[in-house]
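Q: Construct the entire structure; sequences and hints are all you get.
Each chain, letter by letter, is given below.
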Amino acid sequence: MGRVLNEGEFPSDARAGITRPGCTDSDDALLKAEALREEFPILRRRIRGRPLVYLDNAATTQKPRRVLDAVQQYYQHYNANVHRGVHLLSQEATEAYEGARRKVQRFIGARDASEVVYVRGATEAINLVAQSFARPRLGIGKEILVTAMEHHSNIVPWQLVCEQTGASLRVVPMNERGELLIDQVPKLLSDRTVLFGLVHVSNVLGTVNPVKQLIELSHSRGVPVLVDAAQSAAHVRVDVEQLDVDFLVISGHKMYGPMGIGILYGKRGWLEEMPPYQGGGDMIASVTFERTVYNDLPFKFEAGTPNVAGAVGLGAATDFLLDVGIASIAGWEAELLEYAERRLCEIPGVRILGRAAHKAAVLSFLVEGIHPHDLGTILDQQGVAIRTGHHCAQPVMEFFGIPATARASLGLYNTKGDINALMDGVLVAREVFK
Amino acid sequence: MTHSLTDLYQEVILDHNRHPRNFGPLPQPTSKAEGYNPLCGDRVTVYLKMDGDRIAEVSFEGTGCAISTASASIMTEVLKGKTLDEAQRIFEKFHQMVTGQGLPDPEDEDFDRLMVFHRLSEFPVRVKCATLVWHTLLRALQEKEGTRGLRSDREGRAG
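Protein sequences, first through last, are from chains B and A. Note that the first sequence ends on residue 434 in our numbering; no numbers are left out. Note that the second sequence ends on residue 1159 in our numbering; no numbers are left out.
Be careful, since some hints might not be right.
Said to hold, decoys possible - The following label-pair restraints were derived from C-beta to C-beta distances:
no., chain 1, residue 1, chain 2, residue 2, range
1, B, Lys187, A, Arg1021, 48 to 54 Å
2, B, Arg106, A, Ser1004, 44 to 50 Å
3, B, Arg177, A, Gln1028, 40 to 46 Å
4, A, Pro1038, B, Ile42, 27 to 33 Å
5, A, Gly1100, B, Ser190, 56 to 62 Å
Since the hints were made in silico from the structure, they are not lab data. All figures in this text were calculated on a predicted structure; none of them were measured in a lab. In this text, a Cβ means the ideal position worked out from N, Cα and C, and glycines have one as well.
A: In structure tokens:
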């Protein structure tokens, strides 16, 4: 890891956009983050007279110009319904929609574009798998396995389907550092287990779970795995073929794409076996009142007019991420996280939640004597946007015996200056509550 | 430090947060109610001891931010000895004040203490922090009164 730069301490050559052989990786990364900020118009906003410091990337990321442009271009120049028009606009819209699907396919390393299903987001993708894959296989005595650090979106859909079928939900526990107790997994997997739902990166603790190892373990017991990659796709490499994962879910808006678009990846064999999730237009091959023949994959799962603009924007987001490079994003965010944790620990009374050995750039913390909600308001007054609350992961809060945390979550455009602004804000809060 | 911050976190509020008054369960309450704000995780329980139509004793316990703790603490001080109708009238005015719909009459003595929350209207996302305990109190009163039909709005159900 390179030398740590203080705020304002940019090497003059870096400012001029020249890299010298002597420059460290850190300098290069900083240069990149500064240049990337230019791509995000919203980062120029001032909040209550101060520059926006956006540290709520786990909730949603900001959008680069090329995503904004892609969405606008679609509506401005070739807005039309897809898959059914003979006219040029419809052909262009269809091409863009299917082109974006192939971009996502490449981004996640899927073998075939037909394994990439557009949905509204990770939540809808999990509900789809719960109802179309799990429900027909569940019944009394059957089980779904999840982990102690799931987002509500990877808990509640399973509870619903368990209620519908009489099955039960089992949970892989974690330790105080926020790491899963992997040695407990073998005894939780059995021939009763229908699916293992597993979060890749915890949205509260930042833990990067060893998904490859857990998938292998699960497959050795004959149990398919769904990986919730909502928090990982924009931060660590996700490759479905390399992971050999059965299902993987993604939300576009957490990876610099638009809201209302997401991806369900499913192995072709599973998707073919599964009945449609919703019925309607576009998901059929033929319809009579006696019988309907469903369309091929992936259209079988895409009933109704889809979110074409969202898909096109998501495609642009994957282009953007691949151009920047997931490895360099991960490197920069790891450096920022290390810096942020070190600086936060300098402040008396700060407790960091989530101390996993392998962590992504999510930083949950508590400041002694200051409720996270008050801290959030005080930071907001200084233009610093963080999230406070239970982060849709109440079981995690319960595990740590706390009602809420403050959470700073980083993105590729954050800088050490942003972390310094967070620190200054926490010090102001301590001053208010002294 | 910005002015709005010092307006919001006035010393009185910070003091009630550090040393909440009437904190803890009442022995043998005539009624109690629990409130929960799922958005921020604040929890509060309000205990009441009624003397006919009058609040003889009121206390609270729970966890929450400085605004919710101070609001609960100050509420218990203001409401002791008040009748049910008076409590409801005070809450209506309090709600109007914190949502920016109008300040109470300057002569209104009940608001001597409650006025510290008047700048809350500039922080709309924090209004529920202050009103959670009031909605919970109204539910406790409702429980006591049975069918008397106190109004309960959406915030009340969220609480």
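Q: All the hints need checking, so say for each whether the structure fits it.
A: Okay, the hints, checked on the actual structure:
1. Between lysine 187 (chain B) and arginine 1021 (chain A) the C-beta distance comes to about 51 Å, which sits within the given range of 48 to 54 Å.
2. Under the hint 44 to 50 Å, the C-beta atoms of arginine 106 (chain B) and serine 1004 (chain A), about 48 Å apart, fit the expected range.
3. Taking 40 to 46 Å as the suggested C-beta distance range, the pair arginine 177 (chain B) and glutamine 1028 (chain A) conforms, at roughly 45 Å.
4. Distance hint check for proline 1038 (chain A) and isoleucine 42 (chain B): the Cβ-Cβ separation is about 29 Å, which falls inside the suggested range of 27 to 33 Å.
5. Judged by the Cβ atoms, the range 56 to 62 Å given for glycine 1100 (chain A) and serine 190 (chain B) holds: they are separated by roughly 58 Å.
Against the hints set out earlier in the document, no violation occurs for any number.
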